[in-house]
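> Residues per chain, in single letters:
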Amino acid sequence: MRLQVDIHKDFGKFQLDTSFEMDSGQVTGLLGASGCGKSLTLKCIAGIEKPDRGRVVLDGKVLFDSDAHINLPPQKRRVGYLFQNYALFPNMTVAQNIAVGVQDKAARQETVNRLISSFYLEGQEHKYPRQLSGGQQQRVALARILASGPEVLLLDEPFSALDSYLKWQVELELADILSAFHGPVLFVTHNRDEVQRLCQQVCVLDHGRSQAVMPVHQLFEAPHTLSACLLSGCKNVSRAQPTADGRVEALDWGVTLDPGRALPEGLTHIGVRAHYIRPVEGPGPNRLPCRVERVVENVFSTVVMLSTPGGNQGFSRLRIELEQEHWAALAGRDPLWLELPAKDLLLLTNS
Amino acid sequence: MLIFFLGILAAYYVAKLPRLVKGVLDVVLTLPLVLPPTVVGYFLLRLLGPKRTIGLWFLEVFDLRLTMVWYSAIFASAVVAFPLMYRTARGAFESFDVTLAHAARTLGKSNTWIFWRVMMPYCKQGIIAGTVLAFARALGEYGATAMIAGYTPGKTATISTTVYQLWRTGDDEGAMQWVLINLLISAVVLLCVNMLEKKDRRPRRRTVPVSGEVE
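Note that the protein sequences, when read in sequence, are chains Y and F.
Reminder that position 63 of the first sequence reads as 63 in this note's numbering, one-by-one numbering, no gaps.
Every number in this note's numbering is 1000 more than the matching position in the second sequence, counting from 1.
Just chain Y, with the same shape it has in the complex (with noise of 0.2 Å):
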């Protein structure tokens, strides 16, 4: 089973502008920042908001098409939809609100009751949803959502309700009941360890505007743009320009760097992940001198903010995580020289 969405929704300031493809058995994850249009790209797929323009398909039937003038209802497009607060109804107990979703009136009780067993639901059956824990109620939704039998979940950010404690044990019941769901699987966040450990390809969402949809791994090991760049957790990033002999000037870190492979068209950015960056004895390629700014100790590890020779402000500082007793030993250097190895410098562009 394939989905194939392509909108676009103008609100003047604001431009929806997404296009993607997924299959059944895959987790696809839509990952952008607040405001991004995320929940807005999975309410025009459910119908619940009408896109300007685009299509969106489903295995073949046509669920939206502005040039046919083809817009089915939310009732006939069989899609399920998990809410960030879950939208329970709370004037129904756990088991009504599970038959909401049953269409089959022969069969009603029958599939509440497999359900509420195969969700841990047991002994809640008479509840009302503000009796519930958070997770608890997200199963409830879900298997509302079952019920129904849809022929896709869309997930909207489906832990944010939820306190962090509860967050890691949920989280891993989801990834059962989406590993047994036969169907293609869009799930909203803007967590990249949600992405990393749900996901198996992920499409970033920037502004409104789609990327090219990429494998998990291609996020944290090579984005392309700077936005799944920031969005993958990447801290230090600076301006780039490239120069005549095929190096990059880092505007923000007033250095050149060396890649060592061929830069992509419309450059725009540099990046390199922290955990890469390594202290070094003196001046060398891909090194810069850099002076300490700030020191956090975090649990395990210590997070040094640097500024380069660019400046010390925003983008031109560098931040570099080490263990502590490495940081020990390195204390007290002045200038601190750090070394941005080429195979681990992300080149990036900006769409």
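Hints are computed from structural coordinates only; laboratory data are not their basis.
Just so you know, not all the hints are guaranteed correct.
From the derived model, a few chain Y residues whose C-beta atoms are all more than 10 Å from chain F [as the list claims (entries may be wrong)]:
id	residue
1	Q26
2	R53
3	H69
4	P74
5	R77
6	R144
7	S148
8	E157
9	A180
10	R197
11	F315
Taking lysine-lysine pairs in the DSS-like style, the calculated list, with each CA pair at most 30 Å apart, reads [stated by the list, open to error]:
id	chain 1	residue 1	chain 2	residue 2
12	F	K1109	Y	K61
13	F	K1109	Y	K127
14	Y	K61	Y	K127
Here are some chain Y residues the structure puts well away from chain F; computed CB gaps all over 12 Å [said to hold, decoys possible]:
id	residue
15	F20
16	S24
17	G47
18	Q75
19	V79
20	G80
21	F83
22	S117
23	P242
24	R247
25	S301
For glycine and all other residues, C-beta sits at the position ideal for the given N, C-alpha and C.
Here the structure of chain Y is known, so what remains is to put chain F in place on it, guided by the hints.
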């Protein structure tokens, strides 16, 4: 009853309208609340009187007089009490969490189902409050009723006009009787509403502390 359904209907649709239209409609629908009842009565007479358009049309087509008959009092009460029902119901609908409706729709439920099974229970408190207010206002309505229905004992008399008439003609005892009847009706209705609210709250009281549960 009339006000109950009309008020909810109006509130349901107005709550969905864009802001500008909503503002204008809101003023029109709420106006009877702030106008003196006699002014409302005057407007009703202008509209429904036997020589005015609507009144004349009804007279010709159905051979029905709309003023100075018992059901005129209903018009008057309805018009005056309507805004109370409408405003409270609208407030309740506007605080409704639309994601609940979205969720029901993706689960394949019709809008009618959503309205009766999700929206109405969710907004119950507001709707009950509106009904009580509207009822109280309708029962106490005097000015507009007196103008449009007049006072014909046994025909177009309402409790409030009767009390006034009896007192004016010096029948203190009769007035007292009607006052007591009025008190009784009001008390019974309020009691019923209170019981409805309590019944509604009971199952929700056994709330288990949410954050303490880990599974």
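> Indicate, hint by hint, whether the structure satisfies it.
Structure-based check of each hint:
no., hint, result
1, Q26, "holds, 21 Å"
2, R53, "holds, 22 Å"
3, H69, "holds, 20 Å"
4, P74, "violated, 4 Å"
5, R77, "violated, 7 Å"
6, R144, "violated, 7 Å"
7, S148, "violated, 5 Å"
8, E157, "holds, 13 Å"
9, A180, "holds, 19 Å"
10, R197, "holds, 20 Å"
11, F315, "holds, 38 Å"
12, F:K1109 / Y:K61, "holds, 21 Å"
13, F:K1109 / Y:K127, "holds, 23 Å"
14, Y:K61 / Y:K127, "violated, 38 Å"
15, F20, "holds, 20 Å"
16, S24, "holds, 19 Å"
17, G47, "violated, 8 Å"
18, Q75, "violated, 5 Å"
19, V79, "violated, 6 Å"
20, G80, "violated, 7 Å"
21, F83, "violated, 5 Å"
22, S117, "holds, 14 Å"
23, P242, "holds, 48 Å"
24, R247, "holds, 52 Å"
25, S301, "holds, 29 Å"
In summary, the numbered hints that this structure violates are 4, 5, 6, 7, 14, 17, 18, 19, 20 and 21.
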